[in-house]
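Top line first, the protein sequences correspond to chains U and R. My numbering applies: residue 1 is where the first sequence begins, and numbers increase by one. My numbering applies: residue 1 is where the second sequence begins, and numbers increase by one.
Hint data in this document are derived by calculation from the structure and do not stem from the laboratory. Be careful, since some hints might not be right.
[Claimed, not checked] Derived DMTMM-like pairs (lysine to aspartate or glutamate); straight-line CA-CA distance at most 20 Å:
#, chain 1, residue 1, chain 2, residue 2
1, U, Lys57, R, Glu108
2, R, Lys185, U, Glu34
3, U, Lys14, R, Asp85
4, U, Lys116, R, Asp206
5, R, Lys207, R, Asp220
6, U, Lys57, U, Glu34
7, U, Lys179, U, Glu34
8, U, Lys122, R, Asp85
9, U, Lys13, R, Glu108
10, U, Lys61, R, Asp206
[As the list claims (entries may be wrong)] Coverage of chain U stretches by chain R, computed from C-beta distances (three or more under 8 Å per stretch; other residues unrestricted):
#, region
11, 27 to 34
12, 82 to 94
13, 130 to 142
14, 157 to 169
Predicted model only: the values in this text are computed from it and were never measured. Beta carbons are placed, not taken as given, at the ideal position from N, Cα and C, and that holds for glycine.
Each chain is listed here by its residues.
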Amino acid sequence: MIICCLYLEESRKKMEYGPRFSQIKRTLESLQMEIIFVNVDKLDFSSCVGCFDCWVKSPGKCVFQDGMHEVLGQVIRADVLLIISPIYDGFLPAVMKQCFDRMIPLLHPYLELVNKEVHHRKRYPRYPKLAMVLDLTDEDSQVRSFMQHWGERLSLNMRSRLLFFRSFSEALQPNEFNKLLYTPENTNTYG
Amino acid sequence: MAEKQAPLLLVNGSPRGLNSNTRVLLEALGRGLTQAEREFKLLYLQKKSDRAFLLENINEYDTVLWGFPMYTDAMPGSVKAFWEDLTETSVDLTGKTFGYLVQMGFPEASQANMLLAYLQWFSQYVGVRHAGILVRGGVEGIQIQPHWMKKNLLTQLERAGYELGIKNVLDPELCQKIAKPYRLKWWVRMLLTLMNYLGLVNFYWDKQLKQNEVYTHRYDTPYMP
Numbered sequence: 001m002i003i004c005c006l007y008l009e010e011s012r013k014k015m016e017y018g019p020r021f022s023q024i025k026r027t028l029e030s031l032q033m034e035i036i037f038v039n040v041d042k043l044d045f046s047s048c049v050g051c052f053d054c055w056v057k058s059p060g061k062c063v064f065q066d067g068m069h070e071v072l073g074q075v076i077r078a079d080v081l082l083i084i085s086p087i088y089d090g091f092l093p094a095v096m097k098q099c100f101d102r103m104i105p106l107l108h109p110y111l112e113l114v115n116k117e118v119h120h121r122k123r124y125p126r127y128p129k130l131a132m133v134l135d136l137t138d139e140d141s142q143v144r145s146f147m148q149h150w151g152e153r154l155s156l157n158m159r160s161r162l163l164f165f166r167s168f169s170e171a172l173q174p175n176e177f178n179k180l181l182y183t184p185e186n187t188n189t190y191g
Numbered sequence: 001m002a003e004k005q006a007p008l009l010l011v012n013g014s015p016r017g018l019n020s021n022t023r024v025l026l027e028a029l030g031r032g033l034t035q036a037e038r039e040f041k042l043l044y045l046q047k048k049s050d051r052a053f054l055l056e057n058i059n060e061y062d063t064v065l066w067g068f069p070m071y072t073d074a075m076p077g078s079v080k081a082f083w084e085d086l087t088e089t090s091v092d093l094t095g096k097t098f099g100y101l102v103q104m105g106f107p108e109a110s111q112a113n114m115l116l117a118y119l120q121w122f123s124q125y126v127g128v129r130h131a132g133i134l135v136r137g138g139v140e141g142i143q144i145q146p147h148w149m150k151k152n153l154l155t156q157l158e159r160a161g162y163e164l165g166i167k168n169v170l171d172p173e174l175c176q177k178i179a180k181p182y183r184l185k186w187w188v189r190m191l192l193t194l195m196n197y198l199g200l201v202n203f204y205w206d207k208q209l210k211q212n213e214v215y216t217h218r219y220d221t222p223y224m225p
């Protein structure tokens with residue numbers, strides 16, 4: 001089991017985020033798995049400019065020479081893509097979203113129908129399953145629903161699925177992580 | 001004509017800036033605003049000077065219409081970055097009105113459902129009046145389309161711009177018309193499957209791949225472990 005974990009270690013909005021994140025990171029490190037940690041705040045990359053050169057000029061590769069190349073390699077190699085992030089103004093922080101915007105080289109420009117909707121075709125035979133651990137509070141039920149919906153959409157784009165979606169308030173012990181990773185909740189299967 | 005409304009900002013949040021499809025749509029709205037004799041200013045988030053102008057002068061405008069492409073099922077990260085700047089500065093947004101224009105390459109507007117729910121929430125969260133959301137699919141390639149193909153859409157957008165100029169809302173009926181197709185009907189999907197089989201769906205991409213002499217590399221998997 002290989003996990004690629006994209007994370008932010010601090011929140012600009014909440015002091016408690018840092019220590020809580022460290023705790024989760026220690027839990028993850030105690031698991032018998034290969035985990036590649038990517039601190040998205042420290043990652044050197046530019047924002048996508050929508051040129052589509054990764055689709056029509058250098059198929060599968062972004063023309064920007066920056067830190068995203070290594071990340072994309074890790075994402076494709078991983079079994080699980082885990083996002084650990086704070087929430088700013090009801091959504092992922094811009095830097096995290098910018099990182100996902102740069103993942104379009106992993107898909108193919110060609111279109112096809114999936115679940116009666118038009119989607120881009122896969123470029124790779126397999127993609128990691130998605131998992132999200134977000135700093136949501138109990139009162140954010142609407143935000144929780146956008147984020148979960150977004151995670152499901154992202155997994156559908158990769159013809160993968162959302163393995164689990166947890167908020168910081170739900171305790172995550174090592175054995176729970178193990179259980180979540182190995183006994184998937186079969187709620188969002190796209191096949 | 002009704003009482004004169006305060007000037008409005010049209011903000012183009014596309015990372016492609018001046019070359020964006022969003023520009024084509026916003027300019028159509030702008031023509032409608034002009035017909036309604038409503039003053040407006042068009043800004044590009046991609047330009048540093050325009051971002052600075054917005055943060056400093058947003059108080060002079062009572063209405064902002066944010067236009068952008070959907071990236072990975074939400075607003076582009078760069079638009080989110082600007083909104084974070086906006087909420088973290090001491091700009092007072094109370095009493096203002098926000099409207100949105102979301103466009104995408106996928107043909108069906110229903111793909112933006114999550115984003116629409118978020119934008120409505122965001123308006124409420126920052127304490128502004130929500131003027132509505134224009135959504136339109138199938139916009140990639142609009143710049144190379146012959147005029148007759150986009151004429152209907154541009155006319156509808158001009159009308160939406162006119163209504164916005166007068167009433168300061170995006171007319172819900174026009175929004176609904178512009179959002180069509182919301183989902184693809186069964187026969188459209190059948191046609192699409194047939195066209196895909198005949199290689200007609202991906203013609204737009206094939207043309208560019210061939211022009212760039214990388215057609216034979218189109219299935220490359222550079223990150224394959």
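### Message
To test your reading of the hints: which numbers does this structure violate?
### Response
1, 2, 4, 6, 8, 9, 11, 13, 14
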